[in-house]
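Note that my numbering has the sequence shown beginning at 1, numbered continuously upward.
Certain hints may be false.
Cut-off 20 Å, straight-line C-alpha distance, at most; resulting in silico cross-link-like pairs (SDA-like, lysine to any residue) [said to hold, decoys possible]:
# : residue 1 : residue 2
1 : Lys358    : Pro445
2 : Lys82     : Thr64
3 : Lys410    : Glu538
4 : Lys478    : Ala438
Pair ranges (Cβ atoms, derived) [said to hold, decoys possible]:
# : residue 1 : residue 2 : range
5 : Asn112    : Gln389    : 45 to 53 Å
6 : Thr43     : Gln389    : 29 to 37 Å
7 : Asp509    : Glu482    : 17 to 25 Å
Read the hints as simulated data drawn from the structure, not as lab findings.
Being a predicted model, the structure only gives us computed values, none of them experimental.
For each residue, glycine too, the CB sits at the ideal point set by N, CA and C.
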Amino acid sequence: MVNKTKTFRRFVSASAAAVCLISGMKLTPLSFMFTSDAAGTLTAFEITEDMKIGWNIGNSMDATTSSATSGLESETAWGNPKTNQALIDELKAKGFNTVRIPTTWYQHLDENNNIDPAWLARVKEIVDYCFNNDMYVILNVHHENWVNRSDLGTAYDEMKTKLLKIWEQVSTEFADYDQHLIFECMNEPRAVGTTHEWWGPSQDEVDTINKLNADFVDLIRNGNSPYSKTRLLMIPGYCASSDKTIISRIVVPEDEYVAVSIHAYSPYAFAMQYEDDKGNIIDHSTYTEKYSNELHGILDNIRSTFIEKDIPVVIGEFSASNYDNTEARCEWANDYISTTKKYGIPCVLWDNDARGNKDASERHDYIDRKAVVNGTASGNDAWYPDSVQVVDTMMKVLADDSIPWGGEKKAPEINHEDISKGLQLLNSPAELDSAKAADGGNCTPGLNATWAQLENNEVAVKYTGDAPVIAVCDGNWKGWTEINPYDVDEENGIAYYAADHIKAAWSSDVSEIEHLFARTNGNTTVEAVAIIGASEIEVPTQEEDKTIKYDLNFTDVSRKDTLFFVFETKAGATANGCVGFMN
1 MVNKTKTFRR FVSASAAAVC LISGMKLTPL SFMFTSDAAG TLTAFEITED MKIGWNIGNS
61 MDATTSSATS GLESETAWGN PKTNQALIDE LKAKGFNTVR IPTTWYQHLD ENNNIDPAWL
121 ARVKEIVDYC FNNDMYVILN VHHENWVNRS DLGTAYDEMK TKLLKIWEQV STEFADYDQH
181 LIFECMNEPR AVGTTHEWWG PSQDEVDTIN KLNADFVDLI RNGNSPYSKT RLLMIPGYCA
241 SSDKTIISRI VVPEDEYVAV SIHAYSPYAF AMQYEDDKGN IIDHSTYTEK YSNELHGILD
301 NIRSTFIEKD IPVVIGEFSA SNYDNTEARC EWANDYISTT KKYGIPCVLW DNDARGNKDA
361 SERHDYIDRK AVVNGTASGN DAWYPDSVQV VDTMMKVLAD DSIPWGGEKK APEINHEDIS
421 KGLQLLNSPA ELDSAKAADG GNCTPGLNAT WAQLENNEVA VKYTGDAPVI AVCDGNWKGW
481 TEINPYDVDE ENGIAYYAAD HIKAAWSSDV SEIEHLFART NGNTTVEAVA IIGASEIEVP
541 TQEEDKTIKY DLNFTDVSRK DTLFFVFETK AGATANGCVG FMN
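Please construct the entire structure, taking both the sequences and the accompanying hints into account.
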């Protein structure tokens with residue numbers, strides 16, 4: 001059995017600073033003992049916290065060739081070297097605790113969907129590199145031509161057969177690997193070749209993905225593994241999108257060990273987009289307030305949709321392409337990781353080592369893989385000089401004890417003005433359908449709303465169906481600028497948009513704003529649009545931290561040693577608390 005649980009795990013590890021609290025029981029002056037066998041099973045949220053931050057072996061085991069079938073040569077088909085132990089060691093030394101191994105299987109299957117033993121053995125070899133470093137591993141089904149297809153909405157039966165056959169073999173091969181191994185059902189499943197490949201899926205397409213996710217969970221849970229019930233499983237929505245409309249349509253099985261898999265190269269205009277829809281090159285030199293507002297809106301939606309409902313989330317891919325904008329990327333990294341850390345969401349950095357890629361939107365270059373694998377670089381020299389600053393920014397945030405992990409899983413209470421008391425902009429309900437975008441059927445009629453009316457206020461949209469976005473434009477119907485809701489009352493179906501966010505997003509003089517629209521990414525009935533007064537936010541009072549902390553040095557401790565805790569108190573007294581550790 002491959003069990004990488006550390007000595008004293010969840011209590012004290014040989015390299016940890018212990019946090020010792022009194023255990024909740026009546027005590028006489030007797031010794032209380034913990035041994036390494038007391039480690040037990042981690043909960044899903046304990047796993048995601050311990051994952052900390054991860055790294056993707058991008059454009060490697062997920063690479064494909066032009067042939068119908070391929071052998072081990074596909075690993076290097078897209079220009080990256082074969083992964084070795086030295087590469088994984090460098091990641092661990094830098095502070096990464098999770099490795100995602102994007103893996104494509106379809107070119108390594110026979111006519112009966114049996115996996116090529118040599119390919120499976122190579123996957124296992126890389127997993128073992130990570131386990132040698134006590135790291136978490138995410139193993140998935142990645143660039144599959146039978147998953148990403150134009151007929152996604154009608155191909156469920158065919159897809160189910162292949163998906164389950166692959167996962168049956170993979171789960172059997174890794175049956176004895178402990179909770180450090182995480183299975184991710186699919187990667188960005190979507191209707192390739194359609195006009196809505198990256199947005200606005202049909203209900204049939206959503207249903208296909210939800211059913212396949214459920215089948216996957218059921219298969220693993222009924223497998224012959226000591227970890228079949230407690231292995232963390234990641235499931236995506238349509239294209240693994242972070243869009244509010246798409247994530248709200250994910251059906252999460254009632255299972256304590258299922259996490260939602262989301263990809264968030266956000267905000268997109270800063271992180272990836274090279275030029276706008278008019279061909280103008282986007283300025284990436286500054287991480288602006290507009291970008292920050294957009295990022296926080298996306299992460300807040302993820303928190304309210306899942307984290308607040310005790311459903312863990314893993315952002316399986318994130319990055320900001322290298323536009324020679326190191327300072328701006330560092331500001332982005334600080335904002336991104338500070339927020340996800342507060343919300344208790346581990347993030348896995350996408351690295352395709354595409355240094356100098358002609359496609360500027362895909363320059364996710366952090367570690368010099370060839371140099372590391374060839375043994376010509378190590379330590380700080382293993383990382384590209386500009387991008388290492390971005391990574392170091394992330395690690396600094398994670399090491400900052402003033403930002404507690406998961407300290408803001410619950411959003412502050414926001415008190416909004418009654419929408420019926422605001423300035424009403426919409427005369428009658430509007431039925432919106434993203435499939436009718438070509439004819440304008442995805443938007444409300446243009447509504448009159450000047451900046452003088454919006455300033456120091458907010459917009460409220462009452463709706464049923466998918467939460468809309470709003471857009472503003474000038475008196476000539478130009479300058480279309482969209483804003484996501486900063487708060488959504490799902491129970492009453494009201495989305496709220498801050499005037500400050502409109503101002504930050506608008507690229508010129510806000511006095512030019514004269515019109516407002518509501519737009520859907522799915523199907524929405526907009527019942528009312530109103531300008532209301534600014535909201536009041538009630539920040540919950542933080543409880544006083546009564547933790548008694550002790551720094552313990554375990555440099556000379558053996559993994560085979562037993563650790564004893566002795567708690568002394570008056571006979572018959574009650575002491576409440578627990579014993580724990582942190583790195």
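Hints violated by the structure (numbers, ascending): Hint check: 1 fails alone, others pass.
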